[in-house]
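2 protein chains.
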Amino acid sequence: MARNVLFIMADQFRFDHMGCAGHPFLKTPNLDRLAARGVRFSNAYVQSGICGPSRMSYYTGRYVSSHGATHNRVPLSLGEVTLGWHLRESGRRLVLAGKTHVLPDAHGMRRLALDGASELAVLLREGWFELVDRHDGHHGEPDSNYAHWLRAQGYDSRDPWTDYVISVTDENGAVQSGWHMRNARYAARIKAEHSETAYTTDRALGFIAEQGAAPWVLHLSYVKPHWPYIAPAPYHAMYSPNQCLPVKRHPDEWNAHPVQRAFMDEEVAQSFQMQDCIDTVRPAYQGLIAELDHHLGRVFDALDAADLWKDTLVIFCADHGDYLGDHWLGEKELFHDCVQKVPFIVADPEGARGVADPRLVEAVDVVPTILDALGLPAAPHVVEGRSLLGLTRGTATAWRDAAFSELDWTFRGARRRLGLPVGNHHAWMVRDGRYKYIHWSSGMRPQLFDLEADPDEFHDLGDDPALAGTRAAMKEKLLAWFTALKRRTTVTFEEAEMRTDSHKKAGVFLGQW
Amino acid sequence: MARNVLFIMADQFRFDHMGCAGHPFLKTPNLDRLAARGVRFSNAYVQSGICGPSRMSYYTGRYVSSHGATHNRVPLSLGEVTLGWHLRESGRRLVLAGKTHVLPDAHGMRRLALDGASELAVLLREGWFELVDRHDGHHGEPDSNYAHWLRAQGYDSRDPWTDYVISVTDENGAVQSGWHMRNARYAARIKAEHSETAYTTDRALGFIAEQGAAPWVLHLSYVKPHWPYIAPAPYHAMYSPNQCLPVKRHPDEWNAHPVQRAFMDEEVAQSFQMQDCIDTVRPAYQGLIAELDHHLGRVFDALDAADLWKDTLVIFCADHGDYLGDHWLGEKELFHDCVQKVPFIVADPEGARGVADPRLVEAVDVVPTILDALGLPAAPHVVEGRSLLGLTRGTATAWRDAAFSELDWTFRGARRRLGLPVGNHHAWMVRDGRYKYIHWSSGMRPQLFDLEADPDEFHDLGDDPALAGTRAAMKEKLLAWFTALKRRTTVTFEEAEMRTDSHKKAGVFLGQW
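Here the protein sequences come in this chain order: E and X.
Okay, so the first sequence: first residue is 83 according to our numbering, each after it adds one.
Okay, so the second sequence: first residue is 83 according to our numbering, each after it adds one.
I should point out that these hints are in silico values taken from the structure, not numbers from a laboratory.
Incorrect hints may appear among the rest.
Pairs involving identical chains hold if they fit within one copy or between any two copies, as the list cannot separate such chains.
To be verified - Straight-line Cα separation of at most 20 Å, SDA-like style, residue types lysine to any residue; simulated pairs:
#1 K557 x W522
#2 K568 x D439
#3 K586 x W261
#4 K330 x H541
Taking the hints into account, I'd like the entire structure generated from these sequences.
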């Protein structure tokens, strides 16, 4: 039984950007080291291709249709149960260093009069994480611990994140903003030891050291390699464009599905349609990963030094990937593998080592894996994922045959450009052993990709008459998935068993002649 | 605009047991009087054929898969928003006289430290109903207001409901329990003016009188004609077996779908398979309806006297029907019309009068109808039903083409007899203009009834090869329904609109070259 859990997440980290996953140039010796200690899942899918909903699936073990936090700007309902509460129920704590993207359920907290400053209200606003430190890293947070710390290191600014962490100095000595991707070629205005990645690692190492022999569960959650794509020296210049993966895009994609086509008109996609943008951002993105890998090495060294590997479950994953110009797109959200498939390594002290496992793994599997590793109740009345320990230990006899992801594109300009009012703008991905099927709400035609014949997902077979049977079969899998969602969340399985056929015990003698 | 709402519900009241619905013997002059004042919806479906989930759909405007209270023994999650909260948001109250079947979400209240005796905790335990009186009427409640009142009327017992209300005196002078359906032929041991129906009506009339000119929203919720089927004199003997509807059952049904077949082995079904049981219970059931109708007359007289019809929306409905021996079954839960179709009359002061409307209406339509009538915000981010005022006022241009209902049969002995552990034992009904399709989870075969050729639903076409296309089309409707459920419940549509494409306003300048 594991005593500790180190649940590491990176943000916007593509599955194909690790040495152990076959990247020909990018060096990730520490992720490779972790992979050698455990199982690397080479077909791991997130439940949504954007931070908020993907993380809420990681933190609840539930699909987006069940937890309801469909987009970054949609809070998780107070009715949902998270990993932090499951642990608390068993007298354990869930501690955070880094990013969660948790938003308070403001309507719910007002309805339940929980909008105060009580310890409970604070926990609820944090989704039951207790904070070593929180840093979400996608806009200026002048009052964050990180900002205070940066000022203490001499970065004199009301908003040192904006002015130093994501700013650069160009060849003319002028300060430029990292919000402009053209500036990703320059180094950040901070030393490497003051970056977000370094800072978050320091907080985590401090926490682990403080615990001593006490058991812990730590979510170490990095904001990188997520934009702004500004790396400190020397990482900003570590790779050249010809050491990056070739961009995957095809002229046929200009005739893509209407929603994909509308996303191709978003500003970020237009930027990444320029070769110059690809050649500027991809090397910096690789540099940010190299930096992350360096700091993971510090964490793993600490586990070595304290002899913690033997009873610590370590998971490394990401909340989603990044288009980086593939498919003429930037950012994320849609259903191509470069967004939906993520790096995913599980070092289970009692499991296999140095193995790559191609079975379909999902973000929802993390909560049940952690509960299983710690020997805690599995909560099958709410948790929709499956423990991965059956795979790491070779005891699973059957496994899922499809992975699912979801999108709510209400919040994108694309929705307005297609002339649609706020409402139901959802899509579902079903990815089985061979096909990827995408079901769009509101009567839009589906998409279908044959991943065997077309692993780059260039050729949408969503209206190919020859594949009507395949689409029907994929739709059948989607319907079966909907019917299997866990909707009866307010009673446990034990309670349900106890309450079965028990009306007479409750004084209700119905049906007697 | 309506000032008041009188939302009346009966429990276990079959759609075909009203004079205005064509019953050849049963007299319901007051329901007919209400129908003459409004629109009688002749194809009104509940969202589940059992009290708890059906009522939670009535009280939230949401399907069972969305609100999650899948059975009587499953509380509504604290994350769900009910009519009472919607009204409270607008400074109005929702008042209850009678039954709700609301259960506290004990796990949620513990998680959110809401398990105290605060006003809020009390409201949450009642699903945001403020009580004039609550009486659920399916087991002894010795400390209820009704029990105290009965004792004050001279019924001397610790549990006067059990000893008087549902007890009888047989021809030998012996006291017998109404839990035995054979005793439905005898009168209750109370006077008619002390019955549950009389008592609840008195409470409602008292509330309405007290309000004077102040506006109100009252849920008047009767526990009858629900079992125990014991009526006070003279109602117990008002009808004879030959004045009841003929039982609808067919020998072919002994080869029914495995779940239907397993329900045919429940004790209540076995009782109702005896003609004697049918001949004993059906007259009493009609008597209970006649009694209910009488008391509705008192309510409607009060509306007349206070001239309230002109600005009071009145809705009459039921939470589900009753097999009463049809299909060799007793009780409810499964998907035949005698359970799923309910009486449903809407008297809209600004709407049509004396009209029968065959369009498909659902229980989830009540919340949006009430909000619409009162001119309050429609909450389309959570509410899944549609306002019926478009039908009563003839302004609706399009309407739904299918109604949906759900079942969680985990809690029935049938599940154990089929050898299944607690888990996902759900079914969904899709009823369109012609067909009723029933989709069972766990790979069980579907059911299909052609309501045109077989209005009595005797012949299950669920495995008829000739109808594979029809089943596929119905399954398509079910999938479309799943995709349209409202899962993004923590932000309003206005908030979603405001947060669309607004990242730059939030200081996030992603995607700029």
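Hint compliance check: list the failing hint numbers for this structure, sorted ascending. 2
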